[in-house]
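*Asks:* With chain A's structure known, arrange chain B on it following the hints.
Residue numbers (our numbering), protein chains in the order written: chain A, 154 to 506; chain B, 154 to 506.
Treat the hints with care, since some could be wrong.
As the list makes no split between identical chains, a pair holds if one copy fits it or if it spans any two.
[To be verified] Straight-line C-alpha distance at most 25 angstroms; calculated SDA-like pairs for lysine to any residue:
id	residue 1	residue 2
1	K207	G391
2	K371	A473
3	K207	A288
4	K371	P463
5	K272	R344
6	K207	P463
Don't read these hints as lab results, they were simulated from the structure.
Protein chains: 2
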Amino acid sequence: VTRAADLPAPPVQALAWRGDAATGALHVLDQTLLPGEELTLVRTRAADVVADIKRLAIRGAPLLGVAGAYAVVLAAREAHAAGGAGGARMQAQVREIADARPTAVNLAGAVETVLSAAKPHAGDSARFLAALFAAAEALEARERAATEAIARHGALLLAGRTRLLTHCNAGALVTPGLGTALAPIYALHHRGVALHVWVDETRPLLQGMRLTAYELGKAGVPYAVVGEGAAFGLMRRGEVDAAIVGADRICANGDVVNKVGTYGVALGCRHHDIPFYVAAPRSTFDPRTATGDDVPIEQRRGDSGVYVRPGTLAPGAPTAEPAFDVTPAALVTAYITEDGVCDAAGLSQGHSL
Amino acid sequence: VTRAADLPAPPVQALAWRGDAATGALHVLDQTLLPGEELTLVRTRAADVVADIKRLAIRGAPLLGVAGAYAVVLAAREAHAAGGAGGARMQAQVREIADARPTAVNLAGAVETVLSAAKPHAGDSARFLAALFAAAEALEARERAATEAIARHGALLLAGRTRLLTHCNAGALVTPGLGTALAPIYALHHRGVALHVWVDETRPLLQGMRLTAYELGKAGVPYAVVGEGAAFGLMRRGEVDAAIVGADRICANGDVVNKVGTYGVALGCRHHDIPFYVAAPRSTFDPRTATGDDVPIEQRRGDSGVYVRPGTLAPGAPTAEPAFDVTPAALVTAYITEDGVCDAAGLSQGHSL
Numbered sequence: 154v155t156r157a158a159d160l161p162a163p164p165v166q167a168l169a170w171r172g173d174a175a176t177g178a179l180h181v182l183d184q185t186l187l188p189g190e191e192l193t194l195v196r197t198r199a200a201d202v203v204a205d206i207k208r209l210a211i212r213g214a215p216l217l218g219v220a221g222a223y224a225v226v227l228a229a230r231e232a233h234a235a236g237g238a239g240g241a242r243m244q245a246q247v248r249e250i251a252d253a254r255p256t257a258v259n260l261a262g263a264v265e266t267v268l269s270a271a272k273p274h275a276g277d278s279a280r281f282l283a284a285l286f287a288a289a290e291a292l293e294a295r296e297r298a299a300t301e302a303i304a305r306h307g308a309l310l311l312a313g314r315t316r317l318l319t320h321c322n323a324g325a326l327v328t329p330g331l332g333t334a335l336a337p338i339y340a341l342h343h344r345g346v347a348l349h350v351w352v353d354e355t356r357p358l359l360q361g362m363r364l365t366a367y368e369l370g371k372a373g374v375p376y377a378v379v380g381e382g383a384a385f386g387l388m389r390r391g392e393v394d395a396a397i398v399g400a401d402r403i404c405a406n407g408d409v410v411n412k413v414g415t416y417g418v419a420l421g422c423r424h425h426d427i428p429f430y431v432a433a434p435r436s437t438f439d440p441r442t443a444t445g446d447d448v449p450i451e452q453r454r455g456d457s458g459v460y461v462r463p464g465t466l467a468p469g470a471p472t473a474e475p476a477f478d479v480t481p482a483a484l485v486t487a488y489i490t491e492d493g494v495c496d497a498a499g500l501s502q503g504h505s506l
Numbered sequence: 154v155t156r157a158a159d160l161p162a163p164p165v166q167a168l169a170w171r172g173d174a175a176t177g178a179l180h181v182l183d184q185t186l187l188p189g190e191e192l193t194l195v196r197t198r199a200a201d202v203v204a205d206i207k208r209l210a211i212r213g214a215p216l217l218g219v220a221g222a223y224a225v226v227l228a229a230r231e232a233h234a235a236g237g238a239g240g241a242r243m244q245a246q247v248r249e250i251a252d253a254r255p256t257a258v259n260l261a262g263a264v265e266t267v268l269s270a271a272k273p274h275a276g277d278s279a280r281f282l283a284a285l286f287a288a289a290e291a292l293e294a295r296e297r298a299a300t301e302a303i304a305r306h307g308a309l310l311l312a313g314r315t316r317l318l319t320h321c322n323a324g325a326l327v328t329p330g331l332g333t334a335l336a337p338i339y340a341l342h343h344r345g346v347a348l349h350v351w352v353d354e355t356r357p358l359l360q361g362m363r364l365t366a367y368e369l370g371k372a373g374v375p376y377a378v379v380g381e382g383a384a385f386g387l388m389r390r391g392e393v394d395a396a397i398v399g400a401d402r403i404c405a406n407g408d409v410v411n412k413v414g415t416y417g418v419a420l421g422c423r424h425h426d427i428p429f430y431v432a433a434p435r436s437t438f439d440p441r442t443a444t445g446d447d448v449p450i451e452q453r454r455g456d457s458g459v460y461v462r463p464g465t466l467a468p469g470a471p472t473a474e475p476a477f478d479v480t481p482a483a484l485v486t487a488y489i490t491e492d493g494v495c496d497a498a499g500l501s502q503g504h505s506l
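Chain A extracted, bound-state conformation:
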């Protein structure tokens, strides 16, 4: 990969296919173990990738798309090896891949994209596999390029705003490149701009504390982890110049479905007249979903206790654990995509879709 001088290399690589279509494997950095342990899993079976997605070892909308594309390659390879009995099994596996997580449209979208590209070769399983692999590689390259475009557009937009708040993790770990929300931050840091990033720790799964802190630290970007309740006090004291987050899905009207807590950040920004930016590739936009209220919110059970010390959450204590929330388009100052920057009115004019 050649890289323009204005952008740094990503601080971490979450997924990588190593080898060719026939014998290669998907290398997966297990994000559930970070930052305490850096373990790379070598996956040669689609079912293992599906399990990695379900248990959040692979996470983040754009990365789910890339993982899904390569999982289809693995499923096709298994079907090819199984001979005549492979077709039905492949179809079942493709459904499982597309449905492994419901919120990000990137996943089902990527599966659809690579299958469509390979469809003309459906009669020849070796060619079909090769076509799927080429399509998966192309999808990965497009997503990487999108992060670089987001980095540049976002850096222009942020110019002069140096104390930035982010929520959850929307960085290199969720894309094959520089990330979404963190991409402009990496670009500005690479150019020598002195930044300070407030990292919302992001309960319950602590993606900010665990993952954003991990990759900002690797990149050398100054940051501090804050409890999400502390962010409002920072805003009140004038210590936040802008908030920038990623998205799991952006609906036709511009409503943003993103990690639970995002909506609170947006409300705080509105109250304090702080810009609230959403950075996401076009693959995260879903013109087929009208509004955020049309997206069923994944409810989890037991996430509250995953990263807390034993004895902290009483056994059987009732919890409510929505994984995402909806930020209405009216609270979004601007969307940053690979095509540029626009607001909700611009979205409705099809500007960036």
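*Replies:* Relative to the frame of chain A, chain B by itself:
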């Protein structure tokens, strides 16, 4: 203690003096170990109580006052035993007690109250001790009575609002009675009103998840623990009828200094037109501090990592850890004290002070 039939017994007792002034001891439920372990510490030295306050085994504004009063009794007893050398030592201990935590005025206020009451007997160390003890018992009884009055006033105010959000822990564990924010909830539950309490888990020290869940569970009040970022989505979906919180200090203009994250709850309530109530005894009001911005916010180091699983917060990861935040009076719908209910305008007319 006789109790009116309209109020339940507190679900838990955080502090209790057992015995007389000369030989008794302060029994302290160690709140750092809850809910996993219920350990009662028996304290006969003032220095141990100061240490319990500093390490948050004893916490919450009204309870800090009660603990401070009994700690002065212990200090006087030690001074009495030390004979002639005791006076200077007692003075030093009193300063340490009053300064053990800076935010709640209850602590320094209680120390002042019991010392003033005993002052006429300063020439006779046995009488002085007896007078201090009587004053500490009286202060405890007043604080208990205040929680009962808050329970009744708050229950009237909340009437019909049954889905309640609270932040941190402002219950039986922070008072010698029913609590502050939770007192009206206990009163309503005792009368058979079907309630549901959303318990903000309250990072970093998880007082909601650990302590509010613990005491609501003991009392049989239905609740669910939620990440504080999830509360905004609950508000947006109409699932919160009112928020009710306690306070560490309420300034002359009505600004509320309370556990970090409270301000965000208040902002969310304002945006969604949900009442935001603050329940606190008069001992928490500080007419000598003009506004919340005049209160230095306690900054902690390392709290972020206390209740998370090892490996979750990378060693040396920078954190910002304000213990409290300021909610401007303009966001408070009403204050609930033992004297009744009023808004910020009522406060400024001296209504409840």
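*Asks:* Work down the list of hints and note, for each, if the structure agrees.
*Replies:* Now the hints, each set against the structure:
1. For the identical chains of this complex, K207 and G391 are neighbours neither inside a copy (39 angstroms) nor across copies (30 angstroms), given an alpha-carbon limit of 25 angstroms.
2. When the C-alpha separation of K371 and A473 is checked against a cutoff of 25 angstroms, the pair qualifies only between copies, where the shortest distance is 19 angstroms, while the shortest distance within a copy is 34 angstroms.
3. Within a single copy, K207 and A288 get their C-alpha atoms as close as 24 angstroms, which meets the 25 angstroms cut-off; across copies the closest is 61 angstroms, which misses it.
4. In this assembly of identical chains, the alpha carbons of K371 and P463 lie at most 25 angstroms apart only when taken from different copies (20 angstroms versus 29 angstroms within one copy).
5. Proximity of K272 and R344 under a CA criterion of 25 angstroms is satisfied in neither setting, with 44 angstroms inside one chain copy and 67 angstroms between copies.
6. In this homomeric assembly, K207 and P463 come within 25 angstroms of each other (Cα to Cα) both inside a single copy, at 23 angstroms, and across copies, at 23 angstroms.
In the structure shown, a violation is registered for the earlier hints numbered 1, 5, in ascending order.
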